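Chemist: Heads up: the sequence lines are chains R and D, in that order. For the first sequence, our numbering assigns the number 641 to the initial residue and increments by one for each residue that follows. For the second sequence, our numbering assigns the number 641 to the initial residue and increments by one for each residue that follows.
Bear in mind the hints are in silico, worked out from the structure with no lab data behind them. The model shown is predicted, which means the values in this text are computed figures rather than measured ones. From the three backbone atoms N, C-alpha and C, an ideal C-beta is built for every residue, glycine too. Do not rely on the hints blindly, as some may be mistaken.
What the hints assert, rightly or not - Just so you have them, the derived chain R footprint on chain D, three or more residues with Cβ under 8 Å:
(1) 681 to 689
(2) 709 to 719
(3) 728 to 737
(4) 760 to 771
(5) 782 to 790
(6) 793 to 800
(7) 860 to 872
What the hints assert, rightly or not - Sample of chain D residues at the chain R side, in silico, Cβ under 8 Å:
(8) Arg656
(9) Asp694
(10) Glu751
(11) Thr755
(12) Met775
(13) Ala881
(14) Tyr885
(15) Arg888
(16) Ala892
Number of protein chains: 2
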Amino acid sequence: MTGSVTVIGLGPGDPRLLTQAASEALAQAQDLIGYIPYVARVPDRPGLTKHATDNRVEIDRAGHALALAASGRRVAVVSGGDPGVFAMAAAIFEAVENGAPEWRHLAITVEPGITAMLAAAARLGAPLGGDFCAMSLSDNLKPWEVITARLEAVLRVDFVISLYNPISSARPWQLGAALGLAAEHRSPETPVVFARAVSRPDEAIRVLTLAQARETTADMATMVIIGASGTRLIPRGDGAAPFVYTPRSVPA
Amino acid sequence: MTGSVTVIGLGPGDPRLLTQAASEALAQAQDLIGYIPYVARVPDRPGLTKHATDNRVEIDRAGHALALAASGRRVAVVSGGDPGVFAMAAAIFEAVENGAPEWRHLAITVEPGITAMLAAAARLGAPLGGDFCAMSLSDNLKPWEVITARLEAVLRVDFVISLYNPISSARPWQLGAALGLAAEHRSPETPVVFARAVSRPDEAIRVLTLAQARETTADMATMVIIGASGTRLIPRGDGAAPFVYTPRSVPA
Numbered sequence: 641m642t643g644s645v646t647v648i649g650l651g652p653g654d655p656r657l658l659t660q661a662a663s664e665a666l667a668q669a670q671d672l673i674g675y676i677p678y679v680a681r682v683p684d685r686p687g688l689t690k691h692a693t694d695n696r697v698e699i700d701r702a703g704h705a706l707a708l709a710a711s712g713r714r715v716a717v718v719s720g721g722d723p724g725v726f727a728m729a730a731a732i733f734e735a736v737e738n739g740a741p742e743w744r745h746l747a748i749t750v751e752p753g754i755t756a757m758l759a760a761a762a763r764l765g766a767p768l769g770g771d772f773c774a775m776s777l778s779d780n781l782k783p784w785e786v787i788t789a790r791l792e793a794v795l796r797v798d799f800v801i802s803l804y805n806p807i808s809s810a811r812p813w814q815l816g817a818a819l820g821l822a823a824e825h826r827s828p829e830t831p832v833v834f835a836r837a838v839s840r841p842d843e844a845i846r847v848l849t850l851a852q853a854r855e856t857t858a859d860m861a862t863m864v865i866i867g868a869s870g871t872r873l874i875p876r877g878d879g880a881a882p883f884v885y886t887p888r889s890v891p892a
Numbered sequence: 641m642t643g644s645v646t647v648i649g650l651g652p653g654d655p656r657l658l659t660q661a662a663s664e665a666l667a668q669a670q671d672l673i674g675y676i677p678y679v680a681r682v683p684d685r686p687g688l689t690k691h692a693t694d695n696r697v698e699i700d701r702a703g704h705a706l707a708l709a710a711s712g713r714r715v716a717v718v719s720g721g722d723p724g725v726f727a728m729a730a731a732i733f734e735a736v737e738n739g740a741p742e743w744r745h746l747a748i749t750v751e752p753g754i755t756a757m758l759a760a761a762a763r764l765g766a767p768l769g770g771d772f773c774a775m776s777l778s779d780n781l782k783p784w785e786v787i788t789a790r791l792e793a794v795l796r797v798d799f800v801i802s803l804y805n806p807i808s809s810a811r812p813w814q815l816g817a818a819l820g821l822a823a824e825h826r827s828p829e830t831p832v833v834f835a836r837a838v839s840r841p842d843e844a845i846r847v848l849t850l851a852q853a854r855e856t857t858a859d860m861a862t863m864v865i866i867g868a869s870g871t872r873l874i875p876r877g878d879g880a881a882p883f884v885y886t887p888r889s890v891p892a
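With the hints as constraints, model all of the structure from the sequences given.
Modeler: Structure representation (structure tokens):
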């Protein structure tokens, strides 16, 4: 069995934010598998077969990639951001564990990428400068009670909180509920960032207070970062957006 | 004032894990500032002045970078990993906030990088496949009581936990204490990974149980990932290391 699967992080969108290793892995692939907009980011070339699929079938997509590799193909599975953060890598390993025994012997590698929270943080300043956590707000794969228990725990001990998958047409109220919970633990002046489509042509970044964020709508392409008690703005004047950062120190 | 500061993430070590944007920013710099081993990673070239300093003076280094930029120079500040994750970006913005008023008007940008936890996760499989947090275990900048309160909170609600700065000669016991706390909340069989110097020639990755981890020593170059209750291994045979992953789903 000489086939392989490489799970590749395409970063937030701008091709300049791919690693060289990810670019090289893309150049070597024979088959490219992923959600439609991610596959579309990779230029066509002779010898590359593209298999673009809808978003809601991660585990089928993973099985398809592994079966192709088992037949001897060099397969690339692409994710936006980093494949290990709320993306395709976990689905691949779920499929390996539950699939054909020979899949465990395939060459499976993961090429990391710039995940949305790091891209958003870089644009803003250093909002993740202290301890932070990353949560998916989707209750498709875990109970809402688990999500609220986790949110309350990290709000209580003052983590910066990055929310992936904050909202979708099927999950319209969860972000409001999460920000409502945040308001029980943090000041209405706490910085909250809505960072949409970072590094893409339709990028839109809004630096809000928690109170403003509760009155603001987001969409699926938005990453939400809720500041900790120490997170602060540095006004710049000249119409420039303020810097947002979290100091490294926590006072006693 | 035409000078600039770009805070650049060099990734975990392998130059192939830099983004193209980071490489381009390095190529444009006139002055390069950072901790000795990070500055050493950047090849010498005519027109580039290197200023390598010891690790314990982040805020002085930040002030130096901003002063050089204010004098009109194009300055690159380099960090390992991602500059926004327990690295130089927060120190730069602390210096901006507390420094000369004109520093707020400098062109300051951050180029994100592959932080150690993403590099380690990619090597292992998908250990960060669910909700996760990143904490610095250093009590130089925050009280140990804050660290233990945060650890207990995220252990209780079952986050995967990435520990940066787990140990140093001046902080020899903190990692053991953190793993002891983990043992009060998680099974002795919980996967714990010690990922040292990922992507560098001296890379060493150990997949342990929590019980084994408590008997194992680490060093400053090690990233520790403590699995959640769902984190699991996929044995591969053939002497290959097992895959480590956290399923996306949390059962009700």
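Chemist: Next, verify each hint and record whether it holds.
Modeler: Hint check:
1. Coverage of a stretch by a chain is defined here by at least three residues with a beta carbon nearer than 8 Å to that chain's beta carbons; for the region 681 to 689 of chain D and chain R the count is 0, and the condition is violated.
2. As drawn, the region 709 to 719 of chain D meets chain R at 0 residues by the rule of a beta-carbon pair under 8 Å; below three, the given contact is violated.
3. Counting residues of the region 728 to 737 of chain D whose C-beta sits closer than 8 Å to any C-beta of chain R gives 8, which meets the bar of three, so the coverage hint holds.
4. Residue count for the region 760 to 771 of chain D with a Cβ under 8 Å from a Cβ of chain R: 10. That meets the three needed, and the coverage hint holds.
5. Counting residues of the region 782 to 790 of chain D whose C-beta lies closer than 8 Å to any C-beta of chain R gives 5; at least three are required, and the coverage claim holds.
6. Remark: the region 793 to 800 of chain D is confirmed as covered by chain R, as 6 of its residues place a Cβ nearer than 8 Å to a Cβ of that chain, reaching the required three.
7. Counting residues of the region 860 to 872 of chain D whose beta-carbon sits less than 8 Å from any beta-carbon of chain R gives 1, not enough to reach three: the coverage restraint is violated.
8. Nearest Cβ of chain R to the Cβ of D:Arg656: about 4 Å, under the 8 Å cut. The hint holds.
9. Hint on D:Asp694 is violated. Least Cβ distance to chain R is approximately 17 Å, over the 8 Å limit.
10. Hint on D:Glu751 holds. Least Cβ distance to chain R is approximately 7 Å, under the 8 Å limit.
11. The closest approach between the C-beta of D:Thr755 and any C-beta of chain R is roughly 7 Å, which is under the 8 Å cut-off, so the hint is satisfied.
12. This hint holds: D:Met775 has a C-beta 4 Å from the nearest C-beta of chain R, less than the 8 Å allowed.
13. This hint is violated: D:Ala881 has a C-beta 12 Å from the nearest C-beta of chain R, more than the 8 Å allowed.
14. For D:Tyr885, the suggested interface contact is upheld, since its CB lies about 4 Å from the closest CB of chain R, less than 8 Å.
15. For D:Arg888, the interface hint holds, since its Cβ comes within 8 Å of a Cβ in chain R; the closest pair sits about 5 Å apart.
16. For the restraint placing D:Ala892 at the interface with chain R, the shortest Cβ-Cβ distance is roughly 5 Å, inside the 8 Å limit, so the hint holds.
Comparing the model with each numbered hint stated earlier shows that hints 1, 2, 7, 9, 13 do not hold.
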